[in-house]
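Since the structure of chain A is already known, use the hints to place chain B on it.
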Amino acid sequence: MFDFPIFEMPTIGLRMLMAINAIIHVFVSHGGAVGGSVVLALAAWWANKRNDMASYETVYRLLMVFFIITTSVGALTGIGMWIHANIISPNAIGGLIRVFFWKWFIEWIVFNFEVVLLLFWFMTWKQKALTPEGRAKSVRFGIFYAVSSWVTMLIITAILGFMLTPNFDGQPWVDPEVYPGNVNYNNALFNPTWFPGLAFRTFSSIAFAAALAIMWTWLITAFSKDEAIRNTREGLIKLFAKIMIVTVPVGAALGYYYLLQIPEAARAMIPTAMMTRAFADKMDLMYMIISGIGGAVVVTTIIAYFSPKRMPYIAATLMVSAFLLFWGYEERTREFIRKPFLIYNYMYANGIRVTDVPHLNKVGILKHAIFVDEEKKVIKEDKSNLIEVGHTIAQIECRACHTENGINGLKFLTKGWSEAAIRNRINNLPGGGTPYMAPFVGTEAEKDALAAYIASLNKRGEIK
Amino acid sequence: MNWKLPFDIPLVVPTMGLPGWFFDTLGIIVFVVHIAFIYTLIGASTASVLYNITGVFKKSKTDDLLAYKMTNPTTISENMGALWGVAPLLVISVLYTGFFYTAILKVSPHILHIIYGNIFAFLLSYAYKFSWHSLHHHKGFHIAIGLVAVLTFYTLPPVFMSMSNLYLQPETFATVQNIWDMMLTPLTGFRLINFFLTAFSFTGIVMIYLGVKWVKAGGEDAEAGHLAIDQGKKWFMWAAPVNIAVLPLVFFAFSPRISEAYIHTPFVFAPFAASVVLTILFFFLLKRFGTSEMNLSDATKAVVLMVVAVALMATARHGIRVVSFEEPLKLQAEATEKYMNDVIAEYKAYKEEMKNAPAVVLDPAVSLADSKGCLACHSVDTALVGPSYKEVAAKGESADVLIASLKNGSTGKWGETPMPPQTLTDEEAKTLVEWVLKQK
Chain A
1 MFDFPIFEMP TIGLRMLMAI NAIIHVFVSH GGAVGGSVVL ALAAWWANKR NDMASYETVY
61 RLLMVFFIIT TSVGALTGIG MWIHANIISP NAIGGLIRVF FWKWFIEWIV FNFEVVLLLF
121 WFMTWKQKAL TPEGRAKSVR FGIFYAVSSW VTMLIITAIL GFMLTPNFDG QPWVDPEVYP
181 GNVNYNNALF NPTWFPGLAF RTFSSIAFAA ALAIMWTWLI TAFSKDEAIR NTREGLIKLF
241 AKIMIVTVPV GAALGYYYLL QIPEAARAMI PTAMMTRAFA DKMDLMYMII SGIGGAVVVT
301 TIIAYFSPKR MPYIAATLMV SAFLLFWGYE ERTREFIRKP FLIYNYMYAN GIRVTDVPHL
361 NKVGILKHAI FVDEEKKVIK EDKSNLIEVG HTIAQIECRA CHTENGINGL KFLTKGWSEA
421 AIRNRINNLP GGGTPYMAPF VGTEAEKDAL AAYIASLNKR GEIK
Chain B
1 MNWKLPFDIP LVVPTMGLPG WFFDTLGIIV FVVHIAFIYT LIGASTASVL YNITGVFKKS
61 KTDDLLAYKM TNPTTISENM GALWGVAPLL VISVLYTGFF YTAILKVSPH ILHIIYGNIF
121 AFLLSYAYKF SWHSLHHHKG FHIAIGLVAV LTFYTLPPVF MSMSNLYLQP ETFATVQNIW
181 DMMLTPLTGF RLINFFLTAF SFTGIVMIYL GVKWVKAGGE DAEAGHLAID QGKKWFMWAA
241 PVNIAVLPLV FFAFSPRISE AYIHTPFVFA PFAASVVLTI LFFFLLKRFG TSEMNLSDAT
301 KAVVLMVVAV ALMATARHGI RVVSFEEPLK LQAEATEKYM NDVIAEYKAY KEEMKNAPAV
361 VLDPAVSLAD SKGCLACHSV DTALVGPSYK EVAAKGESAD VLIASLKNGS TGKWGETPMP
421 PQTLTDEEAK TLVEWVLKQK
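Keeping their order, the protein sequence lines are chains A and B.
Residue numbering for the first sequence follows our numbering, starting at 1 and increasing by one per position.
Residue numbering for the second sequence follows our numbering, starting at 1 and increasing by one per position.
For reference, chain A alone in the conformation it holds in the complex:
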């Protein structure tokens, strides 16, 4: 990060900026595209097979909702992941694109099929619904759309798996002591969490999509003026509940299997990742959250299955909310347990590579910060700009996770600390109960400057 221009997001911080986009994307891509395509293709096939034209029409209305959300919010937040990564961690996304360029290119080609098939399926539905042959064709569009959505997930989970478990031991993906780094693309691709992650995501996405379909079926049937449409609720909700009865337990089992593949050090951070550091030891609370979410899903599925017609709206909403919480937690945890790394054992969360550290400790982090003005990076003899220089260091090394005075703010975290205490803490960032923090990189003088800056945050406005 140190050699790119500095962009700061005040108050909410870079992490939250990324999280907003990422969570929205996961909701829509998993529930809307990957899971939604399977669930809706299945429902269309089911309705057509039973020659139940009212249900077939309701499925079209469901597809309209899914179409609108996935093609706008889903597709653009997908591109947004890139743009956000560009401005938050250019070194990391730049490295990932160098390693996965062709896989991303293949994904883009499959993405073409996905979008075109969805456009075709949706925009020709009405016209094709008139004849049985047309409907059979239409259902086939849906199936191909489902397959292509899944293939895009197949590729992207390889990249997510790589960031967490890039096979550094035993199967190196790159030799860090060679420039330019010659990547072993197979070792990078076939990383140990790829398939477990994919399997878990596939089934949980279908379950999530079925829950969304239940909620939307409820809404569509409740507000339709057409008696026939209103009567489709029972059959469709029961169908979606059946899908959930299969996918929820399978997804949970695969999720557990995925968890077992994660490195020990990363797994130990899960309670902290789910809540905050204060809960690092509170395993029981973590289990309570998990069983609360799981219980809500199971109970509402049972209601949907046994009483699809009278399923209360509140249960459908609860079901979807449980899934939203689940995906939110899942993504937060997956991102957090990788800390302090962005690419495990290769690059820290602030974009500094592990191999950079000894050199930068010698020459200083600021020597190569070319986009920073001289007076903000060279400490003057009288040390009058010490705090400004420290601020620059915080912008380079801390800002990926901390803000000045907002979320995870340095000011709040060091309230009541003396400058000596801060200086001492900087010496040992990954220790002291915070194994997810990257070590300080830079010279002793830079450490002084950073300590002076952080200490100054709680002194502002004080009368001297």
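Each pair of labels, with its calculated beta carbon distance range: (1) B:Leu26 to A:Ser291: 44 to 54 angstroms; (2) A:Tyr257 to B:Lys301: 57 to 67 angstroms; (3) A:Ala265 to B:Pro266: 54 to 64 angstroms; (4) B:His133 to A:Ala265: 55 to 65 angstroms.
Calculated from the structure, these hints are not laboratory results.
Positions of the beta carbon are idealized from the N, C-alpha and C atoms, including for glycine.
Same frame as chain A, but now just chain B:
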């Protein structure tokens, strides 16, 4: 020149042995497809709102039908435009990583408008399309939705073009501080004029093509088709001549270093060639201006000529990249190589040092204190948030008092800041306190 360039990513570019021209051609092709859809999006969404308005004032069903029919090309082109925008970005970010990311960072957070602004416009344009029949008696409201969507689409090119102009001219990295520094330059102005003129001439041709198809289909559609052909011709005939004049100028609005070098490359002919193709297309349509009876073969020829003109513009733009990046890419490669050699040498030395260093044997109590987070606030010999362990030991409190303080928390003994209760077994608390008391 005052170059400020970031280092390159120290991993090989995965070309799979393919030559440079392969990636250049790939970049141009995917960009042409992307921009063709974007031109259509801008034009078609505008046409839909305009004819919706005229439909109300003229009480014309045909105008209203044309307006509705234009929502289909809008939906298709917004989806495909976004989709094909990904491929050029992918090619650019793997080949010119440092320049592209620097430009994006310099125009942040405004660049995020191309995500969030786009989502907003997308959703509104869907609302506009799918509420056509249900809002039939609330035309004012309906038109307002469409208008806001179109105006939001119009705000996207200035943002994206500022980023693109910054990235194409790496010498500006040293001086440009934010998006406005680049948006308010003559270059961005010229390129935006060129963009909107091309968008309306391109959509004009698309409307002629669609119109011919609708006329062929007959019935109600035929009337909308004639209207589309007429409007398409008008848009092209207005926009193309101005564009013919503006187009060659765009490529001399880049920085002097680039413009001067550009003249000496064959790329300089590309914008003129594009102007010539547009002129041919202009006369081709002029011959058929008075009549709305156009056949499909004429319309197809017009589309082909228009695409050729756009491809020539894209080639001219690619030429800027070739000319502009030659020197900075070389400088960047040299700087990166020097830096990485230093880094790797230092890293090897460090590893050697670690290998020879004696192994540190940690007291189990220290590891326990670390794992329980004690060392976040305490150290052995310096007061941090809490007192140092030496100070605690020197105070001479009994082990039982300290164990109680650990388990229940404590405040007041060492100042206001409280120590929260810690989750520990009796055994662990005892181990820790015994170790602390040894630190005197």
